[in-house]
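Residue numbers (our numbering): 32 to 168.
Honestly, the hints are just simulated from the structure, not real lab data.
These numbers were taken from a predicted model, which means no experiment stands behind them.
Positions of the beta carbon are idealized from the N, C-alpha and C atoms, including for glycine.
One thing to keep in mind: the hints can contain errors.
[To be verified] Mimicking DSBU-like on lysine-lysine, the simulated pairs with C-alpha atoms at most 30 Å apart in a straight line are:
{"#": "1", "residue 1": "Lys127", "residue 2": "Lys117"}
{"#": "2", "residue 1": "Lys147", "residue 2": "Lys125"}
{"#": "3", "residue 1": "Lys84", "residue 2": "Lys146"}
{"#": "4", "residue 1": "Lys117", "residue 2": "Lys146"}
{"#": "5", "residue 1": "Lys78", "residue 2": "Lys117"}
{"#": "6", "residue 1": "Lys66", "residue 2": "Lys125"}
{"#": "7", "residue 1": "Lys84", "residue 2": "Lys52"}
{"#": "8", "residue 1": "Lys78", "residue 2": "Lys66"}
{"#": "9", "residue 1": "Lys66", "residue 2": "Lys84"}
{"#": "10", "residue 1": "Lys66", "residue 2": "Lys147"}
{"#": "11", "residue 1": "Lys78", "residue 2": "Lys125"}
{"#": "12", "residue 1": "Lys66", "residue 2": "Lys143"}
{"#": "13", "residue 1": "Lys127", "residue 2": "Lys146"}
{"#": "14", "residue 1": "Lys84", "residue 2": "Lys125"}
{"#": "15", "residue 1": "Lys146", "residue 2": "Lys66"}
{"#": "16", "residue 1": "Lys147", "residue 2": "Lys84"}
{"#": "17", "residue 1": "Lys147", "residue 2": "Lys78"}
{"#": "18", "residue 1": "Lys117", "residue 2": "Lys52"}
{"#": "19", "residue 1": "Lys52", "residue 2": "Lys77"}
{"#": "20", "residue 1": "Lys127", "residue 2": "Lys143"}
{"#": "21", "residue 1": "Lys52", "residue 2": "Lys66"}
{"#": "22", "residue 1": "Lys127", "residue 2": "Lys66"}
{"#": "23", "residue 1": "Lys84", "residue 2": "Lys143"}
{"#": "24", "residue 1": "Lys127", "residue 2": "Lys77"}
{"#": "25", "residue 1": "Lys125", "residue 2": "Lys143"}
{"#": "26", "residue 1": "Lys143", "residue 2": "Lys77"}
{"#": "27", "residue 1": "Lys78", "residue 2": "Lys52"}
{"#": "28", "residue 1": "Lys125", "residue 2": "Lys146"}
{"#": "29", "residue 1": "Lys117", "residue 2": "Lys84"}
{"#": "30", "residue 1": "Lys146", "residue 2": "Lys78"}
[Unchecked claim] Derived Cβ-Cβ restraints for the label pairs, each shown as a range:
{"#": "31", "residue 1": "Ala44", "residue 2": "Leu98", "range": "16 to 26 Å"}
{"#": "32", "residue 1": "Gly50", "residue 2": "Glu110", "range": "15 to 25 Å"}
{"#": "33", "residue 1": "His70", "residue 2": "Lys127", "range": "18 to 28 Å"}
{"#": "34", "residue 1": "His70", "residue 2": "Arg138", "range": "37 to 47 Å"}
{"#": "35", "residue 1": "Lys146", "residue 2": "Lys66", "range": "38 to 48 Å"}
{"#": "36", "residue 1": "Asn88", "residue 2": "Tyr116", "range": "23 to 33 Å"}
{"#": "37", "residue 1": "Pro86", "residue 2": "Glu62", "range": "18 to 28 Å"}
{"#": "38", "residue 1": "Ile80", "residue 2": "Tyr48", "range": "34 to 44 Å"}
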Amino acid sequence: SMLDRLYYGKIAAIFWYPGIKGAVRIYLNNEFQDKMAPHEFFAYRKKGIEPSKIPDNICQDIINMVLEASDDELFTLTELPDFEYKPVKGSFNKAKCEICGEYVFERYLRVKDGKKVCIQCAGHEPVEKVFYHPLNK
């Protein structure tokens, strides 16, 4: 499969090509996530309502917020020259990692030195069985 989830719990994507070391990471900026958070769309989502069941006008409004934003407002792009793909584990509630400052969904938070941190900042390795990879190959 050319598309796989890493299950870090962040709104980010890493683009890479099999067999070639390195990648590009695109992260949805915290500021834009904060700007969208009070929108009515997310009140529905927090109740477990699927997007297809949310009124069209509410969906269209949040879509327009994204379409009208600049790339710089939306994303942070980072080159990852040493990236090598390793399959990893897969709530809607989120908190900021107290080390890197990026949002991470609560179920993926770890505690390191008394701080709530993302999987990456916690220093966990896949061999610690922290990660889950659901692909059946």
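Going through the hints against the structure:
1. Distance hint between Lys127 and Lys117 is fulfilled; the C-alpha atoms sit about 24 Å from each other, no more than 30 Å.
2. A distance of roughly 11 Å separates the Cα atoms of Lys147 and Lys125; the hinted pair therefore holds under the 30 Å criterion.
3. At roughly 37 Å between alpha-carbon atoms, Lys84 and Lys146 are farther apart than 30 Å, so this suggested pair is violated.
4. Of the pairs offered as hints, the one joining Lys117 and Lys146 holds, with about 26 Å between alpha carbons and a cut-off of 30 Å not exceeded.
5. Only pairs whose Cα atoms come within 30 Å are accepted, and Lys78 paired with Lys117 is rejected, the gap being roughly 33 Å.
6. This hinted pair checks out: Lys66 and Lys125 have alpha carbons roughly 15 Å apart, not beyond 30 Å.
7. Restraint check for Lys84 and Lys52: the C-alpha separation of about 41 Å exceeds 30 Å, so the hint is violated.
8. Taken as a hint, the Lys78 and Lys66 pair is honoured in the structure, with Cα atoms around 20 Å apart against an allowance of 30 Å.
9. For the hint linking Lys66 to Lys84, the alpha-carbon distance of about 23 Å falls within 30 Å, and the restraint holds.
10. At roughly 23 Å between alpha-carbon atoms, Lys66 and Lys147 fall within 30 Å of each other, so this suggested pair holds.
11. Taken as a hint, the Lys78 and Lys125 pair is honoured in the structure, with Cα atoms around 15 Å apart against an allowance of 30 Å.
12. Restraint check for Lys66 and Lys143: the C-alpha separation of about 29 Å stays at or below 30 Å, so the hint holds.
13. About 11 Å separates the Cα atoms of Lys127 and Lys146, which keeps this hinted pair within 30 Å; it holds.
14. In summary, the hint linking Lys84 to Lys125 is supported, as the alpha carbons are separated by about 23 Å, within the 30 Å threshold.
15. Note on Lys146 and Lys66: the hinted pairing holds, with a Cα-Cα distance of about 25 Å set against a maximum of 30 Å.
16. For a cut-off of 30 Å, the pair hint linking Lys147 to Lys84 is broken: about 34 Å separates their Cα positions.
17. A C-alpha spacing of about 25 Å is found between Lys147 and Lys78, which places the hinted pair at or below 30 Å, so the restraint holds.
18. Distance check on the hinted pair: Lys117 and Lys52 sit about 12 Å apart at the alpha-carbon level, within 30 Å; holds.
19. Between Lys52 and Lys77, the direct Cα distance comes to roughly 38 Å. Violation of the 30 Å bound is thereby established for this hinted pair.
20. For the given pair, Lys127 sits about 14 Å from Lys143 by alpha-carbon distance, which is consistent with the 30 Å threshold.
21. A threshold of 30 Å between alpha carbons decides the hint, and for Lys52 with Lys66 the separation of about 35 Å lies outside it, so the pair is violated.
22. Between Lys127 and Lys66 the CA atoms are separated by roughly 15 Å; this keeps the pair inside 30 Å, and the hint holds.
23. For the suggested pair Lys84 and Lys143, the alpha carbons sit about 39 Å apart, so the restraint of at most 30 Å is broken.
24. This hinted pair checks out: Lys127 and Lys77 have alpha carbons roughly 18 Å apart, not beyond 30 Å.
25. As the CA atoms of Lys125 and Lys143 are separated by approximately 17 Å, the hinted pair is consistent with the 30 Å bound.
26. Note on Lys143 and Lys77: the hinted pairing holds, with a Cα-Cα distance of about 28 Å set against a maximum of 30 Å.
27. A distance of roughly 41 Å separates the Cα atoms of Lys78 and Lys52; the hinted pair therefore is violated under the 30 Å criterion.
28. For the suggested pair Lys125 and Lys146, the alpha carbons sit about 15 Å apart, so the restraint of at most 30 Å is met.
29. For the proposed pair Lys117 and Lys84, the alpha carbon gap of about 35 Å is over 30 Å, so the pair is violated.
30. Straight-line distance between C-alpha atoms of Lys146 and Lys78 comes to about 28 Å, which keeps the hinted pair within the 30 Å bound.
31. The beta-carbon spacing between Ala44 and Leu98, approximately 18 Å, falls within the hinted interval of 16 to 26 Å.
32. For Gly50 and Glu110, the hinted distance range of 15 to 25 Å is satisfied, since their beta carbons lie about 18 Å from each other.
33. In this structure, His70 and Lys127 meet the distance hint of 18 to 28 Å, their C-beta atoms being roughly 19 Å apart.
34. In this structure the supplied range 37 to 47 Å is violated for His70 paired with Arg138, their Cβ-Cβ distance being about 23 Å.
35. Checked against the hint of 38 to 48 Å, the C-beta distance between Lys146 and Lys66 comes to roughly 26 Å, which is inconsistent with it.
36. Look at Asn88 against Tyr116: about 40 Å separates their beta carbons, and that is not inside 23 to 33 Å.
37. Checked against the hint of 18 to 28 Å, the pair Pro86 and Glu62 passes, with Cβ atoms roughly 27 Å apart.
38. The hinted window of 34 to 44 Å between Ile80 and Tyr48 holds, with their beta carbons roughly 37 Å apart.
The structure is inconsistent with the numbered hints 3, 5, 7, 16, 19, 21, 23, 27, 29, 34, 35, 36, although it conforms to all the rest.
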